[in-house]
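**Q** Read top to bottom, the protein sequences are chains S and H.
The first sequence begins at 1 in the numbering used here and counts up one residue at a time.
The second sequence begins at 1 in the numbering used here and counts up one residue at a time.
Among the hints, erroneous ones may be present.
List of simulated lysine-lysine pairs, DSS-like, C-alpha gap at most 30 Å [said to hold, decoys possible]:
no., chain 1, residue 1, chain 2, residue 2
1, H, K180, S, K83
2, S, K180, H, K83
3, S, K83, H, K83
In short, the hints are calculated from the structure, not lab data.
2 protein chains.
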Amino acid sequence: MKQSVSSKAQSTVLENPLDNLTTILKYDLTAVNGLILQRMQSEVPLIPQLAGHLIAAGGKRIRPLLTLASSSLFDYQGTRQHKLAACVEFIHTATLLHDDVVDDSSQRRGRSSANALFGNEAAVLVGDFLFSRSFQLMVEDGSLDVLRILSHASAVIAEGEVLQLSIANDLATTGEQYFKVIRSKTAALFAAACEVGAVVAGRSPAECQAMHDYGLYLGIAFQISDDVLDYVAAEKRLGKSLGDDFKEGKMTLPVIHACTKANAGEKAFWQRCMADLQQQDGDFLEALSILKRHNALEHSLGEARKYCALGIKSLAELPDHPLRQYLQDLIVFAVERDY
Amino acid sequence: MKQSVSSKAQSTVLENPLDNLTTILKYDLTAVNGLILQRMQSEVPLIPQLAGHLIAAGGKRIRPLLTLASSSLFDYQGTRQHKLAACVEFIHTATLLHDDVVDDSSQRRGRSSANALFGNEAAVLVGDFLFSRSFQLMVEDGSLDVLRILSHASAVIAEGEVLQLSIANDLATTGEQYFKVIRSKTAALFAAACEVGAVVAGRSPAECQAMHDYGLYLGIAFQISDDVLDYVAAEKRLGKSLGDDFKEGKMTLPVIHACTKANAGEKAFWQRCMADLQQQDGDFLEALSILKRHNALEHSLGEARKYCALGIKSLAELPDHPLRQYLQDLIVFAVERDY
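For reference, chain S alone in the conformation it holds in the complex (with noise of 0.2 Å):
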């Protein structure tokens, strides 16, 4: 394990376990995109066109992964996992199309965003027909325990986009309002989508939770250190566009953390570029010479590995299951990867 953002660098790259993962759940993941492929139809064609867009365009699948491992991890034999991994995906994709729509983004998994392409409107329509079509899934399903947590997981998953938008631009943005925005908005759907394995394969709260757990600490730990990428991953690989959050203002935690140590000439600094969104050639470059100076990226990656850490722990309480490593390494790459 890496112990700095400058040895990250240098770092030979890190196997990446999701890969492990698709091999491992192959035929489940081969299932569930077939799920999502029949299921976005619609007689009303520019529904499949907009959905199809974004969903082609691939995306790591992460979530609807974390579904098929949580099922797996407890040798569960059926296959209700398929349409409930396609659910949880379904809840992303709605989210994504509607993010896009509110940050007004152009560009979505290297290609041109669906609100760009096919226009806000339908961009938020056919997020509302994912959105709906997820909860038709899930009554088909028919589990009111299902139900309850990925209902539950939707209305905090917007509670944080809200809160996120509520406080954007907003020097005065505290670490404990980041840390719920990030729970709320990446980490409760990773948590929903490992629970739900565990719900249909019928295990007992304590283990439920466990997973719910782990996949939780794996949001906020994957969430930060997508903050932290945001400012360094270009460094090193340019799979990932940098400076976004920058560009937007977005205050995230190592920025908040900055904040806090910031002299009079930084406070300007930030307020100009953060708050009044006044930037200028080098701005960025001058951020990240700020974070630096204050540590600000290897403190928020030292947050990251805490929940790395809880993570673990709530794996321990789980069966001994070869799934149970891949989940541990997932965790751990989450926090170490560099891009």
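Starting from the known structure of chain S, arrange chain H on it as the hints suggest.
**A** For chain H alone, coordinates are given in the frame of chain S:
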């Protein structure tokens, strides 16, 4: 019952059967309003602020009233209908919020629209929250039948909205497409609101279907009438702003009918106004004159009256109960109102 659009202007003001329903179901409606207020709360203040802006503006609460009237008509003695009526209103409110973003509306219920006051982003996300919250309430109620009905209605609404968007400003829009849109975007929720009232009362599939059908026909009749009133309401009262559909180039039934009868000059007029949206002063009056020349408003109301008759036929399959007459008055009013 009035026989023509022109006689509409001279007729005495019809008593609004919604007022009667509101009076009879006052106790239940108070409970529903309490639940709506309670369950739209969130730790994130922007959510109740924005939702409250729209919900406090009132609206007719026609959909929750349908759920209440339906369960009462079957002499249901419990209280489950309150929560489900709140669900129906949350779904409706979520679609209004998203509609206003889609239409880029600045007004709703005589006040500034939520998107105009709080921004499109917040309107999208608070809509998502209300939608999720609605499913949480259904899960609390615990009926998979209710969940099936309302998740299906939600998906159909979204499909209808996307279809409407797909054929916007398209002069070739057919009556068939128009009916598909209004059946989906408007009537599906009326139908579901009615049906869940029968479902909680534990009625037979035939009675649940008859309530569903009544709601569907009511919704269709109501929407056609609404689309006619967009051209003629202000001849009588000022409760509704006139010509919004025309300004947006919305292909509603009167225009679709007039287009099928149009001569070359009229075709060019509709092309310029509805498809190219190149409107000038006086165009609305010219449109009205063309619609009247082809009897298009009367033709549309004739279609609405067919659905009114179908709705009354569906009611005949339900128990003889004072509320049945009020529901009959309501569907007649939906067509014959002048505002």
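**Q** Decide, hint by hint, whether the structure agrees.
**A** Consistency of the hints with the structure:
1. With a C-alpha separation of about 29 Å, the suggested pair H/K180 and S/K83 falls inside the 30 Å cut-off, and the hint holds.
2. A threshold of 30 Å between alpha carbons decides the hint, and for S/K180 with H/K83 the separation of about 29 Å falls inside it, so the pair holds.
3. For the proposed pair S/K83 and H/K83, the alpha carbon gap of about 28 Å is at most 30 Å, so the pair holds.
In summary, this structure violates none of the numbered hints.
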